[in-house]
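Residue numbers (the UniProt record's numbering), protein chains in the order written: chain A, 1 to 381; chain B, 1 to 381.
In short, the hints are calculated from the structure, not lab data.
Just so it is clear, CB atoms sit at the ideal spot from N, CA and C, and this is done for glycine as well.
Do not take every clue at face value.
Derived CB-CB ranges, DEER-like [as the list claims (entries may be wrong)]: (1) B/D148 / A/E36: 49 to 57 Å; (2) A/E361 / B/D372: 19 to 27 Å; (3) A/E73 / B/K108: 14 to 22 Å; (4) A/L344 / B/D349: 29 to 37 Å; (5) B/K108 / A/Y284: 54 to 62 Å; (6) B/S141 / A/E65: 24 to 32 Å; (7) A/Q239 / B/E361: 53 to 61 Å; (8) B/H100 / A/V32: 34 to 42 Å; (9) A/D250 / B/H100: 32 to 40 Å; (10) B/K75 / A/F176: 46 to 54 Å.
Number of protein chains: 2
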Amino acid sequence: MKFIHTADWHLGKLVHGVYMTEEQRYVLNQFVQLIEEEKPEAIIIAGDLYDRSVPPTEAVSLLEEMLFKINVELKVPILAISGNHDSAERLSFGSSWYKHSKLYINGKIEESFKPIHINGANFYLVPYAEPGIIREFFQDSSISSHDDAMKRIVSEIEDSLNPNEPNIFVGHAFVFGGKTSDSERTLSVGGSGCVSVEHFSPFSYTALGHLHSPEALKHEKVRYSGSLLKYSFSEANHQKSVSIIELNSDGSYVLKERTLVPQKDMREISGYLEELLDPSVYQYQKVDDYLKVTLLDEGAIIDPINKLRQIYPNVMHMERRIELSDLRKKHTITQSGFERKSELDLFYDFYQEMTTSEFTEDKRRLMAQMIDDVKKGMVLV
Amino acid sequence: MKFIHTADWHLGKLVHGVYMTEEQRYVLNQFVQLIEEEKPEAIIIAGDLYDRSVPPTEAVSLLEEMLFKINVELKVPILAISGNHDSAERLSFGSSWYKHSKLYINGKIEESFKPIHINGANFYLVPYAEPGIIREFFQDSSISSHDDAMKRIVSEIEDSLNPNEPNIFVGHAFVFGGKTSDSERTLSVGGSGCVSVEHFSPFSYTALGHLHSPEALKHEKVRYSGSLLKYSFSEANHQKSVSIIELNSDGSYVLKERTLVPQKDMREISGYLEELLDPSVYQYQKVDDYLKVTLLDEGAIIDPINKLRQIYPNVMHMERRIELSDLRKKHTITQSGFERKSELDLFYDFYQEMTTSEFTEDKRRLMAQMIDDVKKGMVLV
Numbered sequence: 001m002k003f004i005h006t007a008d009w010h011l012g013k014l015v016h017g018v019y020m021t022e023e024q025r026y027v028l029n030q031f032v033q034l035i036e037e038e039k040p041e042a043i044i045i046a047g048d049l050y051d052r053s054v055p056p057t058e059a060v061s062l063l064e065e066m067l068f069k070i071n072v073e074l075k076v077p078i079l080a081i082s083g084n085h086d087s088a089e090r091l092s093f094g095s096s097w098y099k100h101s102k103l104y105i106n107g108k109i110e111e112s113f114k115p116i117h118i119n120g121a122n123f124y125l126v127p128y129a130e131p132g133i134i135r136e137f138f139q140d141s142s143i144s145s146h147d148d149a150m151k152r153i154v155s156e157i158e159d160s161l162n163p164n165e166p167n168i169f170v171g172h173a174f175v176f177g178g179k180t181s182d183s184e185r186t187l188s189v190g191g192s193g194c195v196s197v198e199h200f201s202p203f204s205y206t207a208l209g210h211l212h213s214p215e216a217l218k219h220e221k222v223r224y225s226g227s228l229l230k231y232s233f234s235e236a237n238h239q240k241s242v243s244i245i246e247l248n249s250d251g252s253y254v255l256k257e258r259t260l261v262p263q264k265d266m267r268e269i270s271g272y273l274e275e276l277l278d279p280s281v282y283q284y285q286k287v288d289d290y291l292k293v294t295l296l297d298e299g300a301i302i303d304p305i306n307k308l309r310q311i312y313p314n315v316m317h318m319e320r321r322i323e324l325s326d327l328r329k330k331h332t333i334t335q336s337g338f339e340r341k342s343e344l345d346l347f348y349d350f351y352q353e354m355t356t357s358e359f360t361e362d363k364r365r366l367m368a369q370m371i372d373d374v375k376k377g378m379v380l381v
Numbered sequence: 001m002k003f004i005h006t007a008d009w010h011l012g013k014l015v016h017g018v019y020m021t022e023e024q025r026y027v028l029n030q031f032v033q034l035i036e037e038e039k040p041e042a043i044i045i046a047g048d049l050y051d052r053s054v055p056p057t058e059a060v061s062l063l064e065e066m067l068f069k070i071n072v073e074l075k076v077p078i079l080a081i082s083g084n085h086d087s088a089e090r091l092s093f094g095s096s097w098y099k100h101s102k103l104y105i106n107g108k109i110e111e112s113f114k115p116i117h118i119n120g121a122n123f124y125l126v127p128y129a130e131p132g133i134i135r136e137f138f139q140d141s142s143i144s145s146h147d148d149a150m151k152r153i154v155s156e157i158e159d160s161l162n163p164n165e166p167n168i169f170v171g172h173a174f175v176f177g178g179k180t181s182d183s184e185r186t187l188s189v190g191g192s193g194c195v196s197v198e199h200f201s202p203f204s205y206t207a208l209g210h211l212h213s214p215e216a217l218k219h220e221k222v223r224y225s226g227s228l229l230k231y232s233f234s235e236a237n238h239q240k241s242v243s244i245i246e247l248n249s250d251g252s253y254v255l256k257e258r259t260l261v262p263q264k265d266m267r268e269i270s271g272y273l274e275e276l277l278d279p280s281v282y283q284y285q286k287v288d289d290y291l292k293v294t295l296l297d298e299g300a301i302i303d304p305i306n307k308l309r310q311i312y313p314n315v316m317h318m319e320r321r322i323e324l325s326d327l328r329k330k331h332t333i334t335q336s337g338f339e340r341k342s343e344l345d346l347f348y349d350f351y352q353e354m355t356t357s358e359f360t361e362d363k364r365r366l367m368a369q370m371i372d373d374v375k376k377g378m379v380l381v
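Okay, chain A solo, but in the shape it has when bound (with noise of 0.2 Å):
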């Protein structure tokens, strides 16, 4: 039994105010035709298809392009389950209709205990859900955590499993010990969202999604694909790839990562501006990567990142290395982290995260009179 693990493809995603889904087409296009070569029987996708509960229409047409080229095209399961950026009543809306060409899509957390039986092996596709959910579901109090709900969903699954068969549990989960990146939305703080890799011993092989890259967790049976792409500059120095898994009817496992080389990759550079802009550095790069800029001058600089873009376009973000003059530093980042932000960068940072419109002079003096009133306690509300 041969199959595919990936996850968190996050389509509609939005970073520094780039949406990427030409960047996600592109890369799924090469997941499509590595599949074409590797002619697995099935491919799973643990959670987070897209990056938002109401994705951009552009997003729903690429994952229904892509699901359909697989599954339709060419005829390979899907089993795919909802995670916590997911909406999981929109994206598993029309399940029921899917499953007759084998594709699943779960987001329903009492479809979770009946396996999908492809080619000798149990699939238990299990959707993100909140502790919440699950102590509603199993009218059970004592369950608070994650942890809980994670043990206790497969405590259900366990009561009618069958060891003899090859068992894979598809989730998504922050499993204790990963390593979180800038991208993973922190869902809770101090450990409360994590759940013990102890509860997938009874599976052969546990395919994970949430966290966005497989060193994340170094475990022989639970594991994550990492996601499609690089979706912030923590993951610069990740190599994104997807799991092949060929399984023996024993439960043991031969493990094959491959590589999803994007259009334009996301790096980090330093250095001088003026070497920056020196043609003997940058011709030999690929300039049109999305870079995160970190300069090493100090002084005043005029208007650096645009005379960055003119050679690199996709400058995503600029950071100086020393703490700037106030005139200046409202333009920029410093690198002494969020607690030293003013409430206006703070929220110019959160504006270029969420937008792609620019923030003009307008809009910032809009915002530091408001802010302003608010320190005043002016606003009503």
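Using the hints provided, position chain B relative to the given structure of chain A.
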């Protein structure tokens, strides 16, 4: 060939701050029962399945539940198109998988020209589209109105139409001569949104959605089925029904209309407050209907809406027959119409229409301040 024509379900509709979901479920269950009795060979849903492009998840679940009952359990083919309230992309997601069980949901203009054949009849499913989309699709710059667009679409269909078989057009448009009611949002002013009824002459039957009453158009072969429920008080005198068509092989047909009875009706009542609160007046009424109450009293009355709601819990809207003093005006809506309302009153109406939360005194004060600021030109955006 027997089919049922319905349209304008508007799932997720909010009427005067009340979600109609449970009312819609009640009537749709009736509809399912009616299908069991009538045993039609197909169901047409002529657009506006949802009330908005991103419907609430309860509406998504309700649509899935009803389509499942009709299409999977009762095995009746469904022919649906997206209307102006639906998002074509979101509604038709997955339609490639639905087809195998004869669930057809078309949101794409390019899919309109190949008919669906069911038991000797040909159904053309033409989703709602703005003229610009049709202009782009045909690369025909002469298309500027809905009328031009429809003419072009029908001429494309005619190229391959078999006039010896019954042909049914399924569309969502404002066909000329139709009367509007308040709940059909005005799309274009001055008649440019209208489509001439003559375009549909090649078809044995044209099943329309958009206008909420079968009375909206008097034509032998081009018909509105009307909406599922009353969605505004301007529809208070409508009788909601679905149309049952027995189509002969020569294209002639017999029409039967079957009424859908809501759990709570939408009605208008008027009288003096004291009269309306008198048991002898209300004891024979269905007091939990959705009501618009017009009070005939002159002068000040203390808190009439709450007094009314003690007897009639679902008063959605209250009017006074007379102009009120400025002090009270802000809480009521005069009969003098749209043009004479203050900005604050207009916003209040809008707020009531769009939300379920209370428009508190704090919100009112803030909004009044904002309107004032805008008038003074203080706000920069």
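### Query
Okay, B/H100 versus A/V32 on CB: inside 34 to 42 Å?
At 22 Å between Cβs, range violated.
### Pairwise beta carbon distance, B/K75 to A/F176, judged against the given window 46 to 54 Å
holds, 48 Å
#### Entry: C-beta pair A/E73, B/K108: status relative to the range 14 to 22 Å that was hinted
holds, 18 Å
### Query
Do the beta carbons of A/L344 and B/D349 sit within 29 to 37 Å of each other?
holds, 36 Å
### Query
Are B/S141 and A/E65 spaced within 24 to 32 Å by their CB atoms?
holds, 29 Å
### Query
Is it true that the C-beta distance of B/D148 to A/E36 lies inside 49 to 57 Å, as the hint says?
violated, 44 Å
### Message
Holds or violated: the 54 to 62 Å window for the beta-carbon distance between B/K108 and A/Y284?
### Response
violated, 46 Å
### Task
Confirm or reject the claim that A/Q239 and B/E361 have a C-beta distance inside 53 to 61 Å.
Roughly 58 Å apart at Cβ, these two residues keep to the hinted range, so it holds.
### Query
Between A/D250 and B/H100, is the Cβ distance one that fits in 32 to 40 Å?
holds, 36 Å
### Message
Range first: 19 to 27 Å. Now tell me if the beta carbons of A/E361 and B/D372 are that far apart.
### Response
holds, 26 Å
Consistency note: the structure conflicts with the earlier hints numbered 1, 5, 8.
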